[in-house]
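Participant: Order-wise, the sequence lines are chains A and B.
Each residue of the first sequence is one higher than the one before, counting from 1 in my numbering.
Each residue of the second sequence is one higher than the one before, counting from 1 in my numbering.
Take the hints with a grain of salt, since some may be wrong.
Below, in silico cross-link-like pairs of lysine-lysine (PhoX-like), each with a Cα-Cα straight-line distance of 20 Å or less [to be verified]:
| id | chain 1 | residue 1 | chain 2 | residue 2 |
| --- | --- | --- | --- | --- |
| 1 | A | Lys241 | B | Lys9 |
| 2 | B | Lys59 | A | Lys240 |
| 3 | A | Lys240 | A | Lys271 |
| 4 | A | Lys291 | A | Lys316 |
| 5 | B | Lys59 | B | Lys9 |
| 6 | B | Lys59 | B | Lys82 |
| 7 | A | Lys291 | A | Lys241 |
| 8 | A | Lys240 | A | Lys309 |
| 9 | A | Lys316 | B | Lys7 |
| 10 | B | Lys59 | A | Lys17 |
| 11 | B | Lys90 | B | Lys69 |
| 12 | A | Lys240 | A | Lys339 |
| 13 | A | Lys291 | B | Lys9 |
| 14 | A | Lys240 | B | Lys9 |
| 15 | A | Lys291 | B | Lys7 |
| 16 | A | Lys309 | A | Lys291 |
| 17 | A | Lys17 | B | Lys7 |
| 18 | A | Lys241 | B | Lys7 |
Far from chain A, by Cβ distances over 10 Å, these chain B residues were calculated [to be verified]:
| id | residue |
| --- | --- |
| 19 | Gly25 |
| 20 | Ala78 |
| 21 | Arg94 |
| 22 | Ala116 |
| 23 | Ile166 |
| 24 | Gly175 |
| 25 | Ala180 |
| 26 | Arg183 |
| 27 | Arg184 |
| 28 | Arg188 |
| 29 | Arg189 |
By construction, these hints were calculated from the structure, which means they are not laboratory data.
Ideal Cβ positions, reconstructed from N, Cα and C, are used throughout, including at glycine.
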Amino acid sequence: MRAMVYRGPYRVRVEEKDRPAIEHPNDAIVRVTRAAICGSDLHLYHGMMPDTRVGMTFGHEFVGVVDEVGPSVQNLKVGDRVMVPFNVFCGTCYFCARGLYSNCHNVNPNATAVGGIYGYSHTSGGYDGGQSEFVRVPFADVGPSLIPEWMDEDDAVLLTDALATGYFGAQLGDIVEGDVVVVFGAGPVGLYAAKSAWLMGAGRVIVIDHLDYRLAKAAEFAHAETYNFAEYDDIIVHLKKITEYLGADVTIDAVGAEADGNFLQHVTAAKLKLQGGSPVALNWAIDAVRKGGTVSVMGAYGPLFSAVKFGDAMNKGLTLRMNQCPVKRQWPRLFEHIKNGYLKPSDIVTHRIPLEHIAEGYHIFSAKLDGCIKPLIVPNAA
Amino acid sequence: MTYTPEKPKTAESSEALRARIPGWGADLDPADRPSVPRERFDPTFSGAWWEFPERQPEKWPRERSIEHKFLTPVFGTACPPKGVSGAIRKLAYRRYSEGRAAHWLLLMAADRVDAAGSTLRSFLTTRPDNPLTETGVLSEISHHGLASRRGENRADLRHQPLDPIIVAAPWVLAGGLAFALARRVVRRRRA
Numbered sequence: 001m002r003a004m005v006y007r008g009p010y011r012v013r014v015e016e017k018d019r020p021a022i023e024h025p026n027d028a029i030v031r032v033t034r035a036a037i038c039g040s041d042l043h044l045y046h047g048m049m050p051d052t053r054v055g056m057t058f059g060h061e062f063v064g065v066v067d068e069v070g071p072s073v074q075n076l077k078v079g080d081r082v083m084v085p086f087n088v089f090c091g092t093c094y095f096c097a098r099g100l101y102s103n104c105h106n107v108n109p110n111a112t113a114v115g116g117i118y119g120y121s122h123t124s125g126g127y128d129g130g131q132s133e134f135v136r137v138p139f140a141d142v143g144p145s146l147i148p149e150w151m152d153e154d155d156a157v158l159l160t161d162a163l164a165t166g167y168f169g170a171q172l173g174d175i176v177e178g179d180v181v182v183v184f185g186a187g188p189v190g191l192y193a194a195k196s197a198w199l200m201g202a203g204r205v206i207v208i209d210h211l212d213y214r215l216a217k218a219a220e221f222a223h224a225e226t227y228n229f230a231e232y233d234d235i236i237v238h239l240k241k242i243t244e245y246l247g248a249d250v251t252i253d254a255v256g257a258e259a260d261g262n263f264l265q266h267v268t269a270a271k272l273k274l275q276g277g278s279p280v281a282l283n284w285a286i287d288a289v290r291k292g293g294t295v296s297v298m299g300a301y302g303p304l305f306s307a308v309k310f311g312d313a314m315n316k317g318l319t320l321r322m323n324q325c326p327v328k329r330q331w332p333r334l335f336e337h338i339k340n341g342y343l344k345p346s347d348i349v350t351h352r353i354p355l356e357h358i359a360e361g362y363h364i365f366s367a368k369l370d371g372c373i374k375p376l377i378v379p380n381a382a
Numbered sequence: 001m002t003y004t005p006e007k008p009k010t011a012e013s014s015e016a017l018r019a020r021i022p023g024w025g026a027d028l029d030p031a032d033r034p035s036v037p038r039e040r041f042d043p044t045f046s047g048a049w050w051e052f053p054e055r056q057p058e059k060w061p062r063e064r065s066i067e068h069k070f071l072t073p074v075f076g077t078a079c080p081p082k083g084v085s086g087a088i089r090k091l092a093y094r095r096y097s098e099g100r101a102a103h104w105l106l107l108m109a110a111d112r113v114d115a116a117g118s119t120l121r122s123f124l125t126t127r128p129d130n131p132l133t134e135t136g137v138l139s140e141i142s143h144h145g146l147a148s149r150r151g152e153n154r155a156d157l158r159h160q161p162l163d164p165i166i167v168a169a170p171w172v173l174a175g176g177l178a179f180a181l182a183r184r185v186v187r188r189r190r191a
């Protein structure tokens, strides 16, 4: 089969690989019909996540058709159209039993601090991902869901991570009616978080980024008030000014490890790998929220230490909330919102890239060329 | 205002927002959201019909965090550790917990050794690594590289020039070493 393969920092290519096999009785093999490149894939692509091995196939956002099932699978059959959450999870460990599917303890031998994630280094379990023609899906009775007949495939693939994560990020903000919400980052997760903040009754939603084309999308798609931080000497002072010097009630970091806005932070983290991530957006989230407010962190960071302004977080009495999104928990409500016309996930898709051109796809997304916001990957067999 | 008890008012009322934004307030009740409460005990909710899953066969000694009691019942098998990088990875897992910087720094070092070794080995195959195609840099021409940056107030333009250096440096270094080695061999033969 054809699959994207990591060759080293900033280098990927498509290779012929063995089709995955059933390795556990509850496995399924899924023929991928649509995948995506996630902003967090760029951390792998740039060599920031420890234990990212040459030969690995990335991709934790994908949907497809069941091609084979293991002997113990009861809930799926060959030919089913399925969407697969980015979390690999068992359903019954201490954490899964409490709905924390992203923290499953039975699927990642490499680390206890993170659950299993498709195509996200061996630190997240060593599972090949879905930027490929076929993928192994463990715990087929628990993870995947049938794609509803009425749902577009492009919408379904965005439900496997980006939309669910943005929606989850807004929930972690504990937004109440009339709250001022500031979202740092106008990438896919930030756009969905901003849109979701309105569903939860926000009174004002502000999005901060440095890419004008993404801010324009935030204004159009998420009805947000937008500011380009590169145009301000100090974006925090500006945010204080426009919130009557109170600060926001809720701030959301939707950027993560490669945040811009501070040259030293970015270079030490993203280029020199001396930090787990560049916490510029996180520090701004801490600075911009009011005392007693809530900071929700959806940005992904590596396991090494990062230079976070923890003193201010403590002195301001902040609530910091964060986790990888337990995707499947979000789906029933998100299905309703899509069906009701409140959300149209695929409105942010800008590029559809054939699997064979995935190296260009990574570069376009990484270098922010051509107005790229969300690239989908279309495998040959789709 | 901030210096007095009342919260500053937002410009639009809830009614105005409900009229303007489709779905405004659909999840208004904080108690009625999918991730509230954070922990909701229900072992059957996921659809799993086991209490502890059957174990996946371990086909080679699978590396694992020493913070785990045992090998998890299911695990990925993407890229078994091999060669020098594999030895470094095994050491990182065997010796250091996730709480130790050494664990992660060794894994990062192994990643670099893996990438360099794989590139060198690729020259012995019919498909050597090609930085031009693998970096996707040719999309700078096909996808408006210049226009995407010109006149834009983008913060990343300050550090993007470092990317080609990061990518090219190992190739230039390896090329220089190969040239120096070849020159020495030729000179010795002539002498």
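Participant: Minimum C-beta separation from arginine 188 of chain B to chain A exceeding 10 Å: can you confirm that?
Facilitator: The claim stands: arginine 188 of chain B keeps its Cβ more than 10 Å from every Cβ of chain A (closest is about 33 Å).
Participant: Is alanine 78 of chain B truly not at the interface, in the sense that its beta carbon sits beyond 10 Å from all beta carbons of chain A?
Facilitator: violated, 5 Å
Participant: Can we trust that alanine 116 of chain B is non-interface, i.e. its beta-carbon lies farther than 10 Å from all of chain A?
Facilitator: Incorrect as stated: the minimum Cβ-Cβ distance to chain A is 8 Å, not above 10 Å.
Participant: Under the criterion that the straight-line Cα-Cα distance not exceed 20 Å, is the pair lysine 241 of chain A, lysine 9 of chain B satisfied?
Facilitator: Holds - the C-alpha atoms of lysine 9 of chain B and lysine 241 of chain A are around 14 Å apart, at most 20 Å.
Participant: Are the Cα positions of lysine 291 of chain A and lysine 241 of chain A separated by 20 Å at most?
Facilitator: Holds, because 15 Å separates the two Cα atoms, which is no more than 20 Å.
Participant: Checking one constraint from the list: CA of lysine 291 of chain A to CA of lysine 7 of chain B, max 20 Å. Satisfied?
Facilitator: Distance of about 13 Å is within 20 Å: holds.
Participant: Beyond 10 Å from every Cβ of chain A: is that where the Cβ of glycine 25 of chain B lies?
Facilitator: violated, 5 Å
Participant: Is the Cα-Cα distance between lysine 59 of chain B and lysine 9 of chain B 20 Å or less?
Facilitator: Status violated; Cα separation ~63 Å.
Participant: Arginine 94 of chain B: least C-beta distance to chain A exceeds 10 Å?
Facilitator: Arginine 94 of chain B is indeed farther than 10 Å from all Cβ atoms of chain A, at 12 Å.
Participant: Lysine 59 of chain B and lysine 82 of chain B: Cα distance at most 20 Å?
Facilitator: Given pair lysine 59 of chain B, lysine 82 of chain B holds - Cα atoms ~14 Å apart, limit 20 Å.
Participant: Please verify that the nearest CB of chain A lies beyond 10 Å from alanine 180 of chain B's CB.
Facilitator: Non-interface label stands for alanine 180 of chain B: nearest chain A Cβ at 23 Å, farther than 10 Å.
Participant: Does the structure keep lysine 291 of chain A and lysine 9 of chain B at a Cα separation of 20 Å or less?
Facilitator: Status holds; Cα separation ~17 Å.
Checked against the numbered hints given earlier, this structure breaks hints 2, 3, 5, 12, 17, 19, 20, 22 and 23; the rest are met.
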